[in-house]
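Trainee: Sequence:
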Amino acid sequence: MIYVQLFLAFLRVGLFSFGGGLAALPLIEREVVTHFAWLSHREFLELITLSELTPGPIAINSATFTGFKVGGMGGAVVATCAFCLPSFLLVLLLSHFLSRFREIPWVEWFLQGLRPAVLALLVSVAYSFLVRGMNSVFAAVLGITGLVLFVRFRKVNPVWALLFAGFLGVWWYR
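The numbering used here puts the sequence shown at residues -15 to 158.
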């Protein structure tokens, strides 16, 4: 039964997560934290952190990690495949008709309409992290410092910044 629930939950996320992995995070959170309660809010934040640190798209990593936590290796495979299935089928379909779609004005209008919605989803993820992740003065200082570095020095490698912040967390919270 858990495999069916995982499949349907991540199929829904895969169907409606326009805008990439970060835009899928609020939908994943709704399914795994709010609807099924497979993870707590704290576990979800940890899941996102691990998903960001590991190679690959954040949303697929999140599906895989959630599936593994809930249903072991089989759950990881089911959740990952269910999440990827809608995109895979859509890309197959669109690649066949791509040359025709480019010339249709309403397709461009549709995509332009999606952009603000995707931005709203990204802001929602940022707000969720802000509310749940900034739970101490140290976390707030670290977060603000990271934001300033990323905005001021756009060439800062996020992997090194995340690893540095992780080591600072080990030092601070030990």
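Hints are not guaranteed to be accurate.
[Unchecked claim] Cross-link-like lysine to aspartate or glutamate pairs, in silico, DMTMM-like; alpha carbons within 20 Å at most:
# : residue 1 : residue 2
1 : 53        : 27
2 : 139       : 27
3 : 53        : 36
4 : 53        : 30
I should point out that these hints are in silico values taken from the structure, not numbers from a laboratory.
Trainee: Would you mind marking each hint as holding or not holding in the structure?
Mentor: Results for each hint:
1. 53 to 27: Roughly 11 Å between the alpha carbons, so the hint for residue 53 and residue 27 holds.
2. 139 to 27: 30 Å, violated
3. 53 to 36: Satisfied, since the Cα-Cα distance of roughly 17 Å is no more than 20 Å.
4. 53 to 30: 13 Å, holds
The structure fails to meet hint 2 from the earlier list, while all remaining hints are met.
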